[in-house]
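When you get a sec, could you build the whole thing from the sequences and use the hints?
Chains as they are written, first to last, in this note's numbering: chain G, 254 to 368; chain S, 2 to 114.
Heads up, some of the hints might be wrong.
Subject to a maximum C-alpha distance of 30 Å in a straight line, what follows is the list of computed DSSO-like cross-link-like pairs (lysine-lysine) [stated by the list, open to error]:
hint	chain 1	residue 1	chain 2	residue 2
1	S	Lys106	G	Lys266
2	S	Lys58	S	Lys95
3	G	Lys266	S	Lys23
4	S	Lys72	S	Lys23
Here are the simulated distance ranges between beta carbons [to be verified]:
hint	chain 1	residue 1	chain 2	residue 2	range
5	S	Glu57	G	Gly281	26 to 32 Å
6	G	Asn308	S	Ser29	22 to 28 Å
7	S	Ser53	G	Ile265	38 to 44 Å
8	G	Asn308	S	Val21	32 to 38 Å
9	G	Leu264	S	Glu57	40 to 46 Å
10	S	Leu41	G	Ser280	26 to 32 Å
11	S	Ser10	G	Pro315	32 to 38 Å
12	S	Gly42	G	Ser318	34 to 40 Å
13	G	Ser280	S	Thr11	36 to 42 Å
No lab work stands behind these hints: they were computed from the structure. Quantities reported herein were computed from a predicted structural model and do not represent experimental measurements. We put the beta carbon where it would ideally sit given N, CA and C, even for glycine.
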Amino acid sequence: ETGVTQSPTHLIKTRGQQVTLRCSSQSGHNTVSWYQQALGQGPQFIFQYYREEENGRGNFPPRFSGLQFPNYSSELNVNALELDDSALYLCASSPQRGLSTDTQYFGPGTRLTVL
Amino acid sequence: GENVEQHPSTLSVQEGDSAVIKCTYSDSASNYFPWYKQELGKRPQLIIDIRSNVGEKKDQRIAVTLNKTAKHFSLHITETQPEDSAVYFCAQRKGAGSYQLTFGKGTKLSVIP
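Written as C-alpha cells, this is what we have:
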C-alpha cells in the first residue's frame, strides 16, 4: 500500500507570485483534503476534493484553489502570495464511505516560504 | 462554532509516568475525534481515534476517553518512553456531510529519561 506523497518538499517564492503544490493520495483513497499548518499551530482546513469536485471549504480566500484528477491526485494553487501564506501545506487522503469522509492520513507536507 | 480547546500546551513527564492531554469542543454535532502525533519536521500521524457512540478506546499504552455530555475528550499515554516525545493534536469532525477536521493548537510532550 502506497502512502500519501507530496511535492515539492520545500519551496521559496516572493510576494505576488503563484504556486502549485501536488499530492498523490494513498492507494484506494478517493478523497483529498488540504490543510495549512502555520508554525506552532494545528493544521487548518482549506478544502476537500471528491470525484474531482470541491465539496467542502474552510475560511480561506478564493486565491486558494484546487483540482482533483481522475486518478485522485490533487493540486493546491495559491495566487498572489502573501507573507502570511508561509506555512507547511499538508495533504490528507481518506476513503469516502457514504456521505461522510473517514479517517484522514497525512502526507509529509510542502514547506512554503514567501519572501 | 467548531472550536477545539487543547490543554496543556506543554507537558513534561518522567519516563515511565503517565501523560494526559485534554480537549474540549463546542459543537454537540461532532461525532469523530482523532488524535495525531507530529514529530519535528514530520507529518501528523494518526495514533488513535474515537467515535461518538463509544466512551473509551485503548490501543496498548494509548487510550482515549470521550465525555459527550461535558463535550471533552482526553488522550492518556501510560508508561511513557522518550520516543513518545512529540507534539500531539486533538481534532474533531461534525456528523455526516461534514468534511473538515478542526484541530486543537497542540501539546508538546517531553518525556525525560
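Against the structure, the hints come out as follows:
no.: 1; hint: S:Lys106 x G:Lys266; verdict: 27 Å, holds
no.: 2; hint: S:Lys58 x S:Lys95; verdict: 19 Å, holds
no.: 3; hint: G:Lys266 x S:Lys23; verdict: 38 Å, violated
no.: 4; hint: S:Lys72 x S:Lys23; verdict: 11 Å, holds
no.: 5; hint: S:Glu57 x G:Gly281: 26 to 32 Å; verdict: 29 Å, holds
no.: 6; hint: G:Asn308 x S:Ser29: 22 to 28 Å; verdict: 23 Å, holds
no.: 7; hint: S:Ser53 x G:Ile265: 38 to 44 Å; verdict: 43 Å, holds
no.: 8; hint: G:Asn308 x S:Val21: 32 to 38 Å; verdict: 36 Å, holds
no.: 9; hint: G:Leu264 x S:Glu57: 40 to 46 Å; verdict: 42 Å, holds
no.: 10; hint: S:Leu41 x G:Ser280: 26 to 32 Å; verdict: 28 Å, holds
no.: 11; hint: S:Ser10 x G:Pro315: 32 to 38 Å; verdict: 33 Å, holds
no.: 12; hint: S:Gly42 x G:Ser318: 34 to 40 Å; verdict: 28 Å, violated
no.: 13; hint: G:Ser280 x S:Thr11: 36 to 42 Å; verdict: 37 Å, holds
Hint violations for this structure: numbers 3 and 12, all remaining hints satisfied.
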